[in-house]
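Q: Residue numbers (the numbering used here), protein chains in the order written: chain A, 313 to 574; chain B, 1214 to 1564.
Keep in mind the hints are simulated off the structure, nothing from the lab.
None of the values given here were measured: they were computed from a predicted structure.
Note that the Cβ used here is the ideal one computed from N, Cα and C, for glycine as well.
Heads up, some of the hints might be wrong.
[Unchecked claim] Covered by chain A, per the in silico footprint, the following chain B stretches (three or more residues, Cβ under 8 Å): (1) 1234 to 1244; (2) 1412 to 1422.
[As the list claims (entries may be wrong)] In silico contact screen, one side only, chain B against chain A (beta carbon under 10 Å); selected entries: (3) 1223; (4) 1338; (5) 1341; (6) 1406; (7) 1407; (8) 1431; (9) 1447; (10) 1492; (11) 1553.
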Amino acid sequence: MMVENLSPPLLEARQVAKHFGGVKALRDVSLSIRQGEVYGLIGPNGAGKTTLFNCLTGLYVPDGGSFIFAGSPLAADAPHEAAARGIARTFQNIRLFGNMTALENVMVGRHLRTRAGVFGAIFRDPKTRAEEAAIQRRAEELLHYVGIADRAWDLANNLSYGDQRRLEIARALATEPKLLCLDEPAAGMNATETAELRRLIEGIRQDGTTVLLIEHDVKLVMGLCDRVAVLDYGEKICEDVPAAVQRDQRVIEAYLGGGHLA
Amino acid sequence: MKWMNSRSAAGIALVAVALVALPFVAAMGGQAWVRIVDFAILYVFLALGLNIVVGLAGLLDLGYVAFYAVGAYVYALLASPHFGLHLPFWAIVPMGAATACVFGVLLGTPTLKLRGDYLAIVTLGFGEIIRIFLNNLNAPVNITNGAQGITLIDPVAIGGFKFSGTTQILGISLSGPQKYYFLLVALAIVVILINLRLQHSRIGRAWQAIREDEVAAKAIGINTRNIKLLAFAMGASFGGVAGGIFSAMQGFVSPESFSLVESISILSMVVLGGMGHIPGVILGAVLLTVLPELLRYGVGPVQQALFGKVLVDPESLRMLIFGLALVLVMRWRPAGLWPSSERRRELAEKT
Ligand SMILES: Nc1ncnc2c1ncn2[C@@H]1O[C@H](COP(=O)(O)OP(=O)(O)OP(=O)(O)O)[C@@H](O)[C@H]1O
Ligand SMILES: [Mg+2]
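Starting from the given sequences, assemble the full structure and let the hints guide the process.
A: See below:
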């Protein structure tokens, strides 16, 4: 508890609002995520969780509010800048580069942190060659880190579902994020895969990366997260440590209404 | 280099011998055949330039011929009696490439948010605009000489060496088309190398990422705007170089050479051969240049013999063949005639 209060927020959402026509997907959502924690974001289907991710990563422009990341505001509508600032994400409906190998997928993830341009590509000067080798080495390490080193030369399309989810995490890690946002990483995974995923996320936290986790798997969320926020109809209805969230009356109602959280 | 094992070295030697022999073999059928081979290689060059835009970056460009036209006219204007300018080849070609590159960015900028069909329509329009401009820029100031085109364009000359007319080298007599052949092969090898190297580079991977999933590419920090513009610019520069050589080889350019059909032909070469796969694109370009010519030479005489007169104009058969070839390939080999092993595997698994 003491540690939590001392560490400064890495990300602060200030009254972020987003609507699609009449649908208010986010209603003035404010939250703050501390450096080094695993922060859970839960809520029934359609609560606005993915929309918050999309606003945060610049894919959607919020209709109101702002994000403060590592002390300064994030530009809206600039996905690559959000990534450059240190925000990486995975997608609920996996979005890999399907016709590229697993290794290449992670290598592309290094784009942001490397420099070689067209001239380097064509002339392959020693600097470019060294960089290229470093990119490949790092990509191999990351594949190993998430546990799919043996699939390096397979096309992303041909990986199993669980491996695709892990590859997406490796690709996100390749951008050297300060904040890793995972959108339902356990969806479609069996119990063994989920257990491995949990170890992976714990490891990522241990390495110093803050994690923002959307997940429907209650056991995983409650076991892994330091704090949890609950969204319902675009509104944050609760934010607390997992044990307290599970007892919260509004949360129980929201989930009973939405038919979740057994 | 580890890929230079003895087998691939032997393969390369074989290809080299074949490439050297080709213009002499073709000459047995007459110089016209050497010119056809020249054009096949010029189209290889063009198709590989377009492959960067369409095959690697996945941007469907139906106006590619515009850059070819820009390069051709830059050369024509700077090396012909039209303005009385006769700049050397090595000076104009980079200028043509640079001008085409600027046009590539001009086309790219307004289309950055467009994809697929929409992009195709806008690029198609762009190609037509350029052609119409070339057609009409003869008044009030005569720049392009309108539909008449520009004639008496200087042939390629490097130093004192002229690529037109016959010369004796080491006792071997080389015709103009044969000399151009060697120039074109050299340039094609350069463009193949550039393509290969781009494909396996940081930029090439970013292009492929955009092709595969633009949203994901953005999310991992690729500045899709700049990287797409780069693809347009690179592709356009290759088109510009090809245009310059075309101009010099023909000695004559007119807007007619740069019609939509030409754009479609080049795109067909890329798609037919195997989008994004360099050997496939080369095969596509060669097939679609040589086959129609074979027909042209075959169909006329055959009709003459059978019916006593030519019923179907061989030129219109050309488009028919293009269409038929595309339909057949898309039906039976959707990844192209010679796709990369990765694409082939993927399609095999889907069906
Ligand atoms: N691009 C869009 N256009 C229109 N409506 C959208 C769009 N994206 C989201 N919505 C709507 O916004 C609301 C919130 O959607 P969102 O995807 O953020 O929910 P979620 O909490 O991620 O749900 P789930 O658990 O099912 O993934 C939903 O009503 C959804 O239909
Ligand atoms: Mg969602």
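Q: Hints first: check each against the structure and report whether it holds.
A: Going through the hints against the structure:
For a cut-off of 8 Å, the count of residues in the segment 1234 to 1244 of chain B with a CB near a CB of chain A stands at 0, and the three-residue condition is violated. Restraint check on the segment 1412 to 1422 of chain B versus chain A: 8 residues with Cβ-Cβ distances below 8 Å, three needed, restraint holds. At a threshold of 10 Å, the smallest CB-CB gap from residue 1223 of chain B to chain A is about 25 Å, leaving the interface hint violated. Because the smallest distance between the Cβ of residue 1338 of chain B and any Cβ of chain A comes to about 28 Å, over 10 Å, the interface hint for this residue is violated.
For residue 1341 of chain B, the shortest C-beta to C-beta distance to chain A is roughly 29 Å, which exceeds 10 Å, and the interface hint is violated. Of the supplied interface hints, the one on residue 1406 of chain B holds, with its beta-carbon coming within about 8 Å of a beta-carbon of chain A, less than 10 Å. A cut of 10 Å between beta carbons decides the hint on residue 1407 of chain B: the least distance to chain A is about 5 Å, and the hint holds. The closest approach between the C-beta of residue 1431 of chain B and any C-beta of chain A is roughly 4 Å, which is under the 10 Å cut-off, so the hint is satisfied.
A distance limit of 10 Å between C-beta atoms decides the matter here; for residue 1447 of chain B the minimum to chain A is near 7 Å, and the interface restraint holds. Interface hint at residue 1492 of chain B: violated, since its Cβ lies 17 Å from the closest Cβ of chain A, which is beyond the 10 Å cut-off. Against a cut-off of 10 Å between C-beta atoms, the interface hint on residue 1553 of chain B holds, since the closest Cβ of chain A lies about 9 Å away.
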